[in-house]
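2 protein chains.
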Amino acid sequence: MQPSATRTKEPEIEFWFEFGSNYSYLSVMRIEDTAARRGVTVKWKPFLLGPIFKSLGWESSPFVLQKEKGEYVWQDMARLCHKYGLPWTRPTTFPRLALLPMRVALLGAEQPWMADYCRMTMMLNFAEDQDINAPEQVAGILTELGLPAGRIIDEAQGEANKLLLRQQTETARARSIFGAPTFFVRGEMYWGNDRLDDALSAAARPVTA
Amino acid sequence: MQPSATRTKEPEIEFWFEFGSNYSYLSVMRIEDTAARRGVTVKWKPFLLGPIFKSLGWESSPFVLQKEKGEYVWQDMARLCHKYGLPWTRPTTFPRLALLPMRVALLGAEQPWMADYCRMTMMLNFAEDQDINAPEQVAGILTELGLPAGRIIDEAQGEANKLLLRQQTETARARSIFGAPTFFVRGEMYWGNDRLDDALSAAARPVTA
Chain A
11 MQPSATRTKE PEIEFWFEFG SNYSYLSVMR IEDTAARRGV TVKWKPFLLG
61 PIFKSLGWES SPFVLQKEKG EYVWQDMARL CHKYGLPWTR PTTFPRLALL
111 PMRVALLGAE QPWMADYCRM TMMLNFAEDQ DINAPEQVAG ILTELGLPAG
161 RIIDEAQGEA NKLLLRQQTE TARARSIFGA PTFFVRGEMY WGNDRLDDAL
211 SAAARPVTA
Chain B
11 MQPSATRTKE PEIEFWFEFG SNYSYLSVMR IEDTAARRGV TVKWKPFLLG
61 PIFKSLGWES SPFVLQKEKG EYVWQDMARL CHKYGLPWTR PTTFPRLALL
111 PMRVALLGAE QPWMADYCRM TMMLNFAEDQ DINAPEQVAG ILTELGLPAG
161 RIIDEAQGEA NKLLLRQQTE TARARSIFGA PTFFVRGEMY WGNDRLDDAL
211 SAAARPVTA
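Protein sequence lines, in the order shown, are assigned to chains A and B. So the number in this note's numbering is just where the residue sits in the first sequence, counting from 1, plus 10. So the number in this note's numbering is just where the residue sits in the second sequence, counting from 1, plus 10.
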């Protein structure tokens, strides 16, 4: 044990993600286990990617706007899911609207059910190819987790929580986030599921004073 | 030894790259060693990224056109070079013109000096922050490699070789390449230095008939 005076802050990683984002799917499925193995705490930061893309001048995902990259991305996803042992179905609708589940995620960001809730929502989108924005789908997941679905959805749809999600998205923009997933470790940005391991290594590295 | 009738083709990877591309720098520096360790032959495929970007509607590199991503890329490069043990200086000119060294690369693609020549050119750009398109710089590298610099540069600037580089770039476009580095293994595309290891694993994997 180090004496408390020289004890460094507990290692943590900020995880900025969107349920509509396919590369966020990979990180949502992987982050809890990989972070725990390195003793890193995950700070879940749901935000809306649509307004970020609009502020960059894009009307949709770059994977929709750039045909060549878009076609490549689905091959890449199939290979990466195979590598990570994750199920994969190319969504028939992309990117899927995720406003309601994102509002619920914001509400649950510090709750013990957050990681499970996020994985189940992501599985619905990228393994089961289903609408994730329908209240009955969100309610189904919350109920399966033993939670009071109606009350949570009502609070998620309340004005206060809606405003908080807009503010969190504005914070993402102010921090120069341009895609998802994005990680921050001690203020340094790491972009993309491909950088999750490097970001966790950085978080777990002792800080030299 | 397998009998020749059932012998599979020697594992190989196509490596499409550009001297102006910072992520190509990482792969140029790494590919010869990592491929050799897995018994994979590298097919060097120099092509011009500028005409590809233009055909996608971009007047320059996306790292120039998208301010947020552009700023991130230089942090990412510094971290990756540190991780790989490579020298790194952010180029004061980006992307650098590379027409002459690319023409020489096309000429040398199957020569024993190719890998050394490419690494030296990349070091000039991304470690020494120097113009790579000046004939005296290209000549300097070739001479250092013990090669007849004048004769090689003359042939590289000949109409036949210029046309071949235009054709190779057109082939890149026809194969839906949208960035560099890009790898192909048995016709499958892998985009980015982040996929070099996966691409080599795929190349080294025995083909099941």
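Be aware that one or more of the hints could be misleading.
A pair counts as met if it fits within one copy or between any two copies, since identical chains are not told apart.
[To be verified] Capping the alpha-carbon separation at 27 Å, the derived lysine-lysine pairs in DSS-like fashion look like this:
#1 K77 with K64
#2 K93 with K64
#3 K93 with K19
#4 K19 with K53
#5 K79 with K53
#6 K53 with K64
#7 K64 with K79
#8 K53 with K93
#9 K93 with K172
#10 K172 with K19
To be clear, the hints were calculated from the coordinates, so they are not data collected in a lab.
Structure-based check of each hint:
With identical chains, the CA atoms of K77 and K64 are at most 27 Å apart both within one copy (18 Å) and between copies (14 Å). With identical chains, the CA atoms of K93 and K64 are never at most 27 Å apart, being 33 Å at best within one copy and 34 Å at best between copies. With identical chains, the CA atoms of K93 and K19 are at most 27 Å apart between copies only, with a shortest distance of 24 Å across copies and 34 Å within one. In this homomeric assembly, K19 and K53 come within 27 Å of each other (Cα to Cα) only inside a single copy, at 14 Å, whereas the closest approach across copies is 48 Å.
In this assembly of identical chains, the alpha carbons of K79 and K53 lie at most 27 Å apart only when taken from different copies (23 Å versus 30 Å within one copy). Only within a single protomer do K53 and K64 lie at most 27 Å apart by alpha-carbon distance; the minimum there is 26 Å, versus 40 Å between protomers. Taking the shortest Cα distances, K64 and K79 sit within 27 Å of each other both inside one copy (19 Å) and across copies (15 Å). Proximity of K53 to K93 under the C-alpha cut-off of 27 Å is found in both arrangements, the shortest distances being 26 Å within a copy and 25 Å between copies.
Taking the shortest alpha-carbon separations for K93 and K172, neither the intra-copy value of 37 Å nor the inter-copy value of 41 Å comes in at or below 27 Å. With identical chains, the CA atoms of K172 and K19 are never at most 27 Å apart, being 31 Å at best within one copy and 58 Å at best between copies.
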